[in-house]
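Peer 1: Take a look at the letters that make up each chain.
6 protein chains.
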Amino acid sequence: MRTADRQANQLRTVKLTRHYTCHAEGSVLVEFGNTKVICTASVEEKVPPFLKGKGEGWVTAEYGMLPRSTGSRMKRESAAGKQSGRTQEIQRLIGRSLRAVVDLKALGERQITIDCDVIQADGGTRTASITGAFVALTDAINTLIANGKLEQSPIREAVAAVSVGIVGSTPMLDLDYIEDSNCETDMNIVMTAAGKFIEVQGTAEGEAFSRQEMNQLLELAEAGIKDLLKLQQAALSV
Amino acid sequence: MRTADRQANQLRTVKLTRHYTCHAEGSVLVEFGNTKVICTASVEEKVPPFLKGKGEGWVTAEYGMLPRSTGSRMKRESAAGKQSGRTQEIQRLIGRSLRAVVDLKALGERQITIDCDVIQADGGTRTASITGAFVALTDAINTLIANGKLEQSPIREAVAAVSVGIVGSTPMLDLDYIEDSNCETDMNIVMTAAGKFIEVQGTAEGEAFSRQEMNQLLELAEAGIKDLLKLQQAALSV
Amino acid sequence: MRTADRQANQLRTVKLTRHYTCHAEGSVLVEFGNTKVICTASVEEKVPPFLKGKGEGWVTAEYGMLPRSTGSRMKRESAAGKQSGRTQEIQRLIGRSLRAVVDLKALGERQITIDCDVIQADGGTRTASITGAFVALTDAINTLIANGKLEQSPIREAVAAVSVGIVGSTPMLDLDYIEDSNCETDMNIVMTAAGKFIEVQGTAEGEAFSRQEMNQLLELAEAGIKDLLKLQQAALSV
Amino acid sequence: MRTADRQANQLRTVKLTRHYTCHAEGSVLVEFGNTKVICTASVEEKVPPFLKGKGEGWVTAEYGMLPRSTGSRMKRESAAGKQSGRTQEIQRLIGRSLRAVVDLKALGERQITIDCDVIQADGGTRTASITGAFVALTDAINTLIANGKLEQSPIREAVAAVSVGIVGSTPMLDLDYIEDSNCETDMNIVMTAAGKFIEVQGTAEGEAFSRQEMNQLLELAEAGIKDLLKLQQAALSV
Amino acid sequence: MRTADRQANQLRTVKLTRHYTCHAEGSVLVEFGNTKVICTASVEEKVPPFLKGKGEGWVTAEYGMLPRSTGSRMKRESAAGKQSGRTQEIQRLIGRSLRAVVDLKALGERQITIDCDVIQADGGTRTASITGAFVALTDAINTLIANGKLEQSPIREAVAAVSVGIVGSTPMLDLDYIEDSNCETDMNIVMTAAGKFIEVQGTAEGEAFSRQEMNQLLELAEAGIKDLLKLQQAALSV
Amino acid sequence: MRTADRQANQLRTVKLTRHYTCHAEGSVLVEFGNTKVICTASVEEKVPPFLKGKGEGWVTAEYGMLPRSTGSRMKRESAAGKQSGRTQEIQRLIGRSLRAVVDLKALGERQITIDCDVIQADGGTRTASITGAFVALTDAINTLIANGKLEQSPIREAVAAVSVGIVGSTPMLDLDYIEDSNCETDMNIVMTAAGKFIEVQGTAEGEAFSRQEMNQLLELAEAGIKDLLKLQQAALSV
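Protein sequence lines, in the order shown, are assigned to chains A, B, C, D, E and F.
Under full-length UniProt numbering, the first residue of the first sequence is numbered 1, with each subsequent residue one higher.
Under full-length UniProt numbering, the first residue of the second sequence is numbered 1, with each subsequent residue one higher.
Under full-length UniProt numbering, the first residue of the third sequence is numbered 1, with each subsequent residue one higher.
Under full-length UniProt numbering, the first residue of the fourth sequence is numbered 1, with each subsequent residue one higher.
Under full-length UniProt numbering, the first residue of the fifth sequence is numbered 1, with each subsequent residue one higher.
Under full-length UniProt numbering, the first residue of the sixth sequence is numbered 1, with each subsequent residue one higher.
The reader is advised that the hints may include incorrect statements.
Now the stretches of chain B that chain A is said to cover, found in silico as 3 or more residues with beta-carbon under 8 Å [as the list claims (entries may be wrong)]:
{"no.": "1", "stretch": "60-66"}
{"no.": "2", "stretch": "69-75"}
{"no.": "3", "stretch": "79-86"}
{"no.": "4", "stretch": "193-207"}
Everything labelled a hint here was simulated from the structure, so no lab data went into it.
What you are looking at is a predicted structure, and each value in this text was computed from that prediction instead of being measured.
Ideal Cβ positions, reconstructed from N, Cα and C, are used throughout, including at glycine.
The following block holds chain A by itself, in its conformation from the complex:
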C-alpha cells in the first residue's frame, strides 16, 4: 500500500488553480500531491529568428526548480551559470508536447513561452508541468481570442502527462519521490485527448523491462491520463 492509502492505479490528489499570478496571460498552479508547479504562459508578438517572416508561430517552454523545492537545497542554476542537462531535457520535452497539439500556422507570428517553475517537488514534476502547462496555454490562447488577436483557437486537442513505474515488481501510476527513487523502471507518457501518444520515455533504472511490463505500464498511464484530461476540462470550464 502506498502513502495516503493510494491504490497502485490511483493518481495523487490533483489540483489546477487558474489565475494563480496576475501578470501572465495564463497562470496555473498545478499540484500532483505534494508536487507543486507554477505554470505561466507569456505571449510575445515576435518569433525566434528561424521562423521570421514564415507566418508561423512558436510554443516553447522553460523549466526551473526553486533551490529548496527539494529535500536538500540544490544549487541555484543562475548562480551556477548554466542549466543542467536534466533541466534542458525537461524543458525540451514540455515544449515538444505542447507544440504537438497546436497548429502553429493558425497561431500566427507570435511566440508563447510556458515557464514551469517547481516550488515544491515530490516526484513527477515534468508530467505535472505538462499537465498544468496545457491549461496555462489554453488561458493564454483565450486571452488572445478575447483581445481580438485570434479568431479561433489553434489548439487541436488537449494533452496531459503522467509517470508510471515498476516499484518492487508492482506497476504503479503517478510515482511520488520515494517511489521514483526506488523504482526499477520509470516511464513518462504524454498522451492526447484522442488517446494517441506524443512521447513515451521509458528508462530502466535498475533491471531492464520486458515487452509485457511495458504494456502494463502503458495501460496504467492511459487510464491516468484520461483522468487528468477530465480534470483539465473541469478546471477550464469554471
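Since the structure of chain A is already known, use the hints to place chains B, C, D, E and F on it.
Peer 2: Frame of chain A, contents of chains B, C, D, E and F only:
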C-alpha cells in the same frame, strides 16, 4: 490618493504565511500587496571555505524572480548564464541585513541560506524579501533548537525593511511598481526592533533630494517598519 | 523503396572497426551507413566525488559532433562556450544505457568514460554511438583484465540500440537523415541481449501515434537490435 | 589620531591629474591618499538599443581593480569569467551618480562610458572613482564642444562623493582601508554642488546605527564633499 | 636513431586522404606518422561583421582535439565551457597561415572555415593541420569554381608547415610527441611554395638557443616543407 | 623618417619606474614611448596543483588592457566573460619568457605571478611587458631574499624583448602602433643577457619574408635588446 485608497503613510496589506512549502527548515510566503515572495531558509552543517575551523556560522541569501513575475516576461537568469548586477546587489543586501541581527559565533559552524524567490512583483521585492526572510530564518533557528542542535537562539533582535520615496513631491511609504517607476527619490530602509538602522539606501532617480526630504522619508520608514515588526511577531506567535 | 535498395525492416550496412585510434583502452569506429562515430573508452583510476570510498565504479559518456559532420557547418560547442541541450540529452542516454549492463560494484573504484564523437552524420548518431560504445567498453574492460586489474568482466550482458520510425505511414528500421527529417514518429530503442529494454523513447514529430503503431515499431526494433548484437559479437570475436 | 596625522573630519590628500593617458576624450588620475584610480571617459556616437531613435544620450560606467592593486593579489575578473557582485554594484552606482547631473536629452544620441580602473587601493575606491569620473566626464564634454559636436554642456552641476564611517565610536571622514575594515558603520554619500543628495548608502558592518549617528555622518560628508567640489573646480580651471 | 629508423632530417610517413568525409566542400585526413587530423573546409556565403559590404572574403580556422586523441584523456573543451589558450593560439596560427596565400578580394564576399580536428595526437598537430588544411581549402575553392561561383582560384601559392627542434643537441625534423617532450628548442615553420616564410615560431623549452642553432633548424625545415609541398601537389593531382 | 625623429635602428624612449604601486613585492611602470604597462610581481606561498609536493616553484603571467588604453574603446574582458585568444597568447608568452631564466627548483615551492596591465597602448605592449616584468620579478625575488625566505636569487640571467618589422621595405626596430599596422612582417624577439633566444615569433602580415630579411630583423633585434638589458640593469642598480 494612491491605489486601493492608501494613505501616503500606509503600508499595503502585508501577509506572512509560514510553512508555505514543506522541505525547508523555514518557509514563508510574504505578501506586500501584489508583491509575493517565497522565502525559504535552508540549514547546512558546513560553512564556506573562509570560515572553516573558526567556530563561526554564516547566513547568506540568494534572490531570484520567476520570468513572468513581472508585467512583461524577463529572460530567465539560468538561461542567460549569469545573474544580473541587480540580482547580486539585492541578495548581498538581504544577506547583510540578516547577518546584522545574528550572533554568528552562537550559530555554530553551520550555514543558513535564505532563498527569496519572487513569484509576483509589484514593487518593493527587496524589502518584502528581508521582512519575510527574517521570519523564515527564525523558523529555521527554531527547528535547530527543537532538534537539540542549538540551545538558544543566536538571533539578537528582529529586523524588517520597507521602501519609501518621493512621488510627485509627496513622501510615501511602501511604493508599488507604478509609484516606484514615477518617483523622484527611492529609499530602502532596513531597521531593527531597537529602532537602529542596518541599511539606508537612498537614490535620486530624478531630482536630487535635500536633507529635509531625507528626514521626512526616514520618519515614514521608521513608522512603517515598526508595523512590519509587529506583523512578524504576530505571525511567529501563531 | 529506401535509398540503397533497403527494405523497411533492413539495417544500413553496419561496420565496427576496433583499435581505430591508438591511445584509448578501447577505440571503435562504428558506421551505420554514412553515419560514422569514433567511440573511445578511457579508464581512470578514480571515481566522481559522490562515489568516493564506496567501493563502486562509474561508467559515463560524452558526445560531440565535429562542426562539419553535418550538411551545413554547425557552431563548435567549445567556441559557443556550452553544450546544447541535445548534446547533454544524448550523452546522458549513452551513459545510462551502458551502466544498465555493468555491475558497478564489480568494476571497482574506477571510472570508464566513453567519448562518442561523430565525424560524419546521417541520422541515428545516438543509436550508433550506444552500439559502438558497448564494443569500446568491452575492449577497455578486457584491457583491465589483461593487466590484472580485474579478474573477471563486470559486464552482465551486451546492449545495442537502433532507431525506428513511421515515414509516410510505413514503419521503418534504422532511419537515415532524410527519413528522420520526414518521419511522423521517431523512436529510439535500447535493448539488451536478453531481449529486455533499457530505454524506449518515442516522440511524435508530426502526428501522434497509436498503441498499435508503437507495437509495430517495437517489433522492428527488436529484430534490428538482435542483428546488431550479432555484429558486436562478431567484431569482438576477431 | 589617524595615520598621517589626520583629523577625524579631514580628507586625505586628494589629487586630480587630468590628461593622464592620451587616447581618451577625458582621462584623470584621481588620488585619495594611497587610493589611485584612472578614470577615462570615452565618447561613442551610438546609444544602447533601448535608447535608439529617442534623441537621448547615455552615460554609463565600468569599474575594475588591477589584480595587485590590493594587499594580497585578487583573481583577475576576466580570467574568472565574470564580474563580481561588488564590481557590478559599484559600476551601477558610478553610472547613476553621473547620469543624475547630466541632461541626457541635451547630450544627444551618443554614449559616454567612464572606465574607473583602480591601480592602487586603500579604501574609498568607489567615492574616489565618482569624484574623478566627474572631471573626466567634463573633459569629454568639453572635447565634444571643442569639436563642434555640442554647443553647450549638458552637465547641470558638479557631483562628488566621499565615504564616512564610525570607527571606534568616532565618526570619521574619508576612511582608508584599515579604518574601513574596523568601522562599525560605513556610509557612502554622493552629493551635488547644490548640496543635494544623489545617493546615501549606509551599512552597519557591526552594530546598527541610530538616527543621531547618521546625522553626524551626513554632516561630516557634506563638509568633505564641499572640499572635493572645490578641488574638482580647481583642477578643471587649469 | 629515432623511432621507426628515421634520420634526423626525415619526415614521418605523411598521408593526405582527400574526400575523407562526405558533407564538407573540402575534407582531408592528414597523417604525420601517428598524428591524424581531419581537416574540413566549409564554404558559407556570408562574411564576419567587420567585412560586410567590403567585397572581400575571409578564411578562418578552428582547432580541436578529441578527448582521447592523447595518451591520457583530456577534458572536453565544450564541457569545460571554453577553449584553452593553446587551442586559440593554434587556430589563430592556422587561420593566418592560410590567409597569407589567399587573395581575399578575389575570393569574394564569402567565408571558408577550416576545421582541424585531431583524432590521434603524436606531436606536430598544428603543422599537420596547416599542411592538411591547405589541401582541404584547395578542394573547397575547386568546388566553388566547379559550381560557377568563382572563375579562377584566389589561391596565390601553396603553403605547408613543419616542426623542427633540438633534441639532445641534435637538430631534428618533424618531432613526434616523445621527441617534442624532450627537446630543448621547438620551432614551428610555415613556408610557401616560393620558399618564403609566413610564420617562424621558435621557443626554448629548456636552454635558450643561439643564432647558429636557429640557422640549422631553418635549413632542416626548408627541406622538410619542400617535401610536404610535393606531397600536397601529388594528392591534389589525383 | 619615423615619428620623433627616430632612426630605423633606434628604440623609443624607454623608462622603467620601480616601486610604482605600493602593495606588490615588485611593481614597475615600463614605458616604450607612449606604450605604458604596469608590471607587478606577486609572491604566493603555494604552487599550482600539478607542482604540489615537487619542491619546485612556478612563475606565471597575466595580461590585460584597460578598455581605453587604445585609440577606440575596447570591450572590457571581464564584462565579456572571457579573455580573448590574443590575451591568452600574450600571457603565455610572457610566462614562458620569464620561466626560461629562472631556476624553478631554486625558487622553492612558491608562485610568482606577474600582472602586466597596459594603461596606454602604442604598439609593442607584449615586448614592453616582458622587459618590465623582468624588473618586477627581480624586485620580488629581492624581497624574498631580504625577508630571509631565499638565500640567493634563482634568476640565472636577465631577459628582455623587442619587436622588429619590415615597414615599407625597411627593417625597423621597436614598432609603434602606426608602424605595426602598416608593416609587412612583424617579429617579436625575446633574448637573454647571454645573447641567446628564448622566443622568435615572426609573422608575415602582408607579404611573406625571406631568409635574408629574417637575418636583418634578427640583427636589429639583438642590438635593441642589448640596449634594453642595460636599461634594466641601470634601473635595478638605483
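Peer 1: Taking the hints in turn, state whether each one holds.
Peer 2: Results of checking the hints against the structure:
1. Look at the stretch 60-66 of chain B against chain A: 3 of its residues bring a Cβ nearer than 8 Å to a Cβ of that chain, three or more, so the hint holds.
2. With 5 residues having a Cβ less than 8 Å from any Cβ of chain A, the stretch 69-75 of chain B passes the three-residue criterion, so the hint holds.
3. With a threshold of 8 Å between beta carbons, the proposed coverage of the stretch 79-86 of chain B by chain A holds, since 5 of its residues qualify and at least three are required.
4. Under the rule that three or more residues need a Cβ within less than 8 Å of chain A, the assignment of the stretch 193-207 of chain B is violated, with 0 such residues.
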